[in-house]
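J.: Each chain is listed here by its residues.
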Amino acid sequence: MSAASGSFSVPLPDFVRTTTVRGALVVAGAFALYMVVLFAVIYWRTGHYFMARSDAVVAQQAKVFSAGNMREQLLAVDQLLKQDPRMVQHAGLFAPDGRRIAGNLERMPPELTLDAPARDAVIPVGPSGAERQHVRAVAHSVPGGGVLVIGRNVDETVQISAIVGETLAVGLLPALCLSIAAGMLLSIRAQRRVAQVNQAVQRIVAGDLRQRLPMRGVDDPFDRLAAVVNGMLEQIEALMHDIAGVGDDIAHDLRTPLTRARVVLQRGRENARTVEELQAVIDRAMLALDQSLAIITALLRITEIEHARRLEGFGRVLLADVVREVGDMYEPIAEEKKVALEIEAATAPTVHGDRDLLFEAVANLVDNAIKFTPEGGKVQLALVARDGESVVRVADTGPGISEEEREMVLRRFYRSDRSRNTRGVGLGLSLVAAILKLHGFRLSLTSGPGCVAEIVCPPES
Amino acid sequence: MPKILLIEDDRETADEIVAEFAARGFDVSWAATGIEGLDQARSSNPDAMIVDRLLPGMDGLTIVEALRKDQISTPVLVLSALAAVDDRVRGLRAGGDDYLTKPFDLVELIARVEALLRRPANTRETTLRVGPLELDLIERTARRGDRPIDLLPREFRLLHYMMQRQDQVLTRTMLLEEVWNYKVASQANLVDVHMSRLRHKVDEANETPMIHNVRGVGFILRAPA
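Protein chains in written order, with numbering that gives the first Met the number 0: chain A, 0 to 460; chain B, 0 to 224.
Since the hints were derived computationally from the structure, they do not count as laboratory data. Nothing here was measured: the structure is a model prediction, and the numbers come from that model. Any given hint could be a false lead.
[Unchecked claim] Below, computed lysine-lysine pairings styled on BS3-like, alpha-carbon distance capped at 27 angstroms:
(1) A:436 x A:370
(2) A:81 x A:62
(3) A:336 x B:200
(4) B:200 x A:337
[To be verified] FRET-style restraints, in silico, Cβ to Cβ:
(5) B:159 x A:335: 14 to 24 angstroms
(6) B:9 x A:258: 21 to 31 angstroms
(7) A:327 x B:136: 18 to 28 angstroms
(8) B:116 x A:237: 48 to 58 angstroms
(9) A:258 x B:14: 25 to 35 angstroms
(10) A:206 x B:44: 57 to 67 angstroms
(11) B:159 x A:235: 52 to 62 angstroms
(12) B:9 x A:194: 48 to 58 angstroms
(13) B:14 x A:208: 23 to 33 angstroms
(14) B:124 x A:398: 44 to 54 angstroms
(15) B:159 x A:334: 15 to 25 angstroms
(16) B:116 x A:327: 27 to 37 angstroms
[What the hints assert, rightly or not] Every beta carbon over 12 angstroms from chain A, so not counted as near; a handful from chain B, in silico:
(17) 66
(18) 96
(19) 138
(20) 212
Virtual Cβ for every residue (Gly too), placed ideally from N, Cα, C.
When you get a sec, could you build the whole thing from the sequences and use the hints?
T.: Next comes the structure, spelled out in structure tokens:
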């Protein structure tokens with residue numbers, strides 16, 4: 000795969016290249032950035048807060064102390080330094096010539112400006128003065144020309160800020176790793192499911208229609224999608240099954256007359272002695288061929304109707320006319336067979352449909368009924384209204400139709416065993432079913448004493 | 000001798016059709032492509048044409064449309080392997096006069112071409128006569144000589160159609176399509192039953208038969224010789 004591409008590159012593991020992994024990395028990056036910003040704000044705000052507080056404290060102290068006389072100032076400085084166990088306070092009272100009068104400051108820090116707001120200063124501390132401390136300090140003039148310097152150690156602030164920074168550093172890396180790991184994990188799980196689905200689909204493509212997509216039994220989008228696809232596969236499998244069945248039926252029903260034709264021709268070729276004999280043979284062979292052709296024609300017709308290409312022929316159809324015409328057409332046939340054909344059109348509804356097709360459907364039902372009704376029997380063709388629906392009912396006194404036969408009868412080609420010897424190609428009811436489906440009508444088959452076939456036409460909406 | 004032009008690309012089918020028509024005294028010419036066929040139709044002025052729908056690189060209907068555009072009204076029978084009823088409608092709409100689905104019976108084809116050649120004159124006559132047979136289209140009555148014939152409406156329709164086409168072989172499919180408007184000719188034995196009814200009424204035992212069965216093909220109405 001990668002070898003085929005011209006440029007050389009270190010191949011990334013498959014999962015790194017997927018969009019889910021890329022998504023996880025982006026999210027982790029954004030998360031890290033957010034954390035950095037958050038801690039930066041905390042760092043900055045904390046530092047600022049402590050600084051401001053120190054500034055306020057030193058300014059206040061300087062202001063209060065410098066208000067009193069020299070004695071009070073000395074006392075206050077003394078007090079301040081004594082009450083400072085943490086050693087964060089610095090103070091110094093300097094004479095106008097810069098000489099130290101009191102306090103723990105050796106000399107006045109050079110950074111300070113007199114009576115200005117608090118600012119940073121570095122002061123030497125300790126016995127040798129070698130150690131230096133960062134302080135926030137103010138220099139305040141006192142009555143009599145002296146200067147009072149108050150300082151406050153801000154190392155603490157710096158430390159707090161440092162802790163915040165360290166916390167960030169310590170926290171950020173694991174969090175980042177965690178989010179990347181979680182992203183990877185989810186991504187790999189998704190990958191694995193896709194791979195499973197892919198495998199199943201490959202097997203389906205290879206022809207195993209019984210395969211289903213794997214499901215975890217949890218209500219996640221993947222499972223829901225799999226359920227939808229599985230439903231679809233179920234339907235396809237059922238359809239394929241039907242088609243396979245039809246294929247077998249076609250093979251059987253076409254082969255029968257074709258075999259007959261072949262046998263007849265073969266025997267005729269060997270045995271016929273006269274032209275008349277030969278003609279008789281050919282006639283029989285042609286009859287068999289015609290039967291095969293009739294099957295093909297009927298099949299094409301069903302396909303045509305099922306694909307609903309005839310909607311353009313739709314219009315208003317008077318059902319009573321159709322019933323009467325079919326009755327008219329079949330009356331002599333019924334008479335010939337000594338079957339009574341009763342026609343009754345009590346209502347005169349119109350339906351939206353294709354007259355020729357509806358005629359064909361009704362004719363097929365009547366044809367069947369007459370075919371299966373023994374001599375002396377009766378076929379009733381009636382148009383009735385029931386529950387607001389128009390019903391074309393064809394009832395006969397034939398052998399009827401059994402429960403399990405009903406579904407089968409609607410399948411293409413099916414002919415119940417007892418009718419195998421009767422003429423016809425066995426596609427009649429499938430054709431009727433296809434026509435009615437196109438119209439949105441229903442076909443119901445029930446067994447009375449004989450068979451009752453009904454075309455139920457819902458009222459036009 | 001009626002001149003027929005056959006436009007059909009399958010040589011074997013064409014050979015059979017040509018031979019059959021020639022044997023029956025037609026003057027048949029054959030074109031294997033649409034272009035050739037159209038040229039011949041324009042130059043040789045045939046009495047009827049048989050056009051296959053599926054020609055290499057061309058729909059047979061295009062030929063019919065081209066002819067009609069040139070005001071050439073030669074009757075055309077369209078042949079097609081497409082069984083769909085809609086195709087039939089399309090074929091007739093394009094200017095075809097009849098439509099036959101492959102595979103077909105050669106005698107069916109001949110009967111239909113003959114029907115095209117002898118289309119019933121658009122007479123305004125209200126009474127049809129064939130020999131002693133008389134059909135009053137206004138009164139809707141029929142008689143043979145002096146004998147009135149009592150016909151059911153469907154029998155009247157059938158006889159009417161046959162009298163318009165006397166001496167012409169009418170196939171079962173033609174009758175189903177034209178008399179009963181039944182587009183799918185799967186119930187061919189229906190016609191026989193109806194015909195036998197009509198025949199009983201038209202031809203009584205002592206009379207010379209006028210309705211004849213043409214074996215394996217259909218029926219014909221002839222005046223007694």
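J.: Take the hints in turn and mark each one as holding or not.
T.: How the hints compare with the structure:
1. A:436 x A:370: 24 angstroms, holds
2. A:81 x A:62: 19 angstroms, holds
3. A:336 x B:200: 20 angstroms, holds
4. B:200 x A:337: 20 angstroms, holds
5. B:159 x A:335: 14 to 24 angstroms: Since residue 159 of chain B and residue 335 of chain A have Cβ atoms about 23 angstroms apart, the given range 14 to 24 angstroms holds.
6. B:9 x A:258: 21 to 31 angstroms: 26 angstroms, holds
7. A:327 x B:136: 18 to 28 angstroms: Between residue 327 of chain A and residue 136 of chain B, where Cβ atoms are some 20 angstroms apart, the hint holds.
8. B:116 x A:237: 48 to 58 angstroms: 54 angstroms, holds
9. A:258 x B:14: 25 to 35 angstroms: Holds - the Cβ-Cβ distance for residue 258 of chain A and residue 14 of chain B, about 28 angstroms, lies within 25 to 35 angstroms.
10. A:206 x B:44: 57 to 67 angstroms: For residue 206 of chain A and residue 44 of chain B the Cβ distance comes to about 59 angstroms; the hint holds.
11. B:159 x A:235: 52 to 62 angstroms: Check passed, 54 angstroms falls within 52 to 62 angstroms.
12. B:9 x A:194: 48 to 58 angstroms: The hinted range 48 to 58 angstroms holds for residue 9 of chain B and residue 194 of chain A, with Cβ atoms some 53 angstroms apart.
13. B:14 x A:208: 23 to 33 angstroms: Cβ of residue 14 of chain B to Cβ of residue 208 of chain A: about 47 angstroms, so the range 23 to 33 angstroms is violated.
14. B:124 x A:398: 44 to 54 angstroms: Cβ of residue 124 of chain B to Cβ of residue 398 of chain A: about 52 angstroms, so the range 44 to 54 angstroms holds.
15. B:159 x A:334: 15 to 25 angstroms: For residue 334 of chain A against residue 159 of chain B, whose Cβ atoms are near 22 angstroms apart, the range 15 to 25 angstroms holds.
16. B:116 x A:327: 27 to 37 angstroms: Once the Cβ atoms are compared, 32 angstroms apart, the range 27 to 37 angstroms for residue 327 of chain A and residue 116 of chain B holds.
17. 66: 26 angstroms, holds
18. 96: Given a closest Cβ separation of 20 angstroms, the condition holds.
19. 138: 21 angstroms, holds
20. 212: For residue 212 of chain B, whose nearest Cβ neighbour in chain A is about 15 angstroms away, the distance exceeds 12 angstroms, so it holds.
When the structure is compared with the earlier hints, a violation turns up for hint 13 alone.
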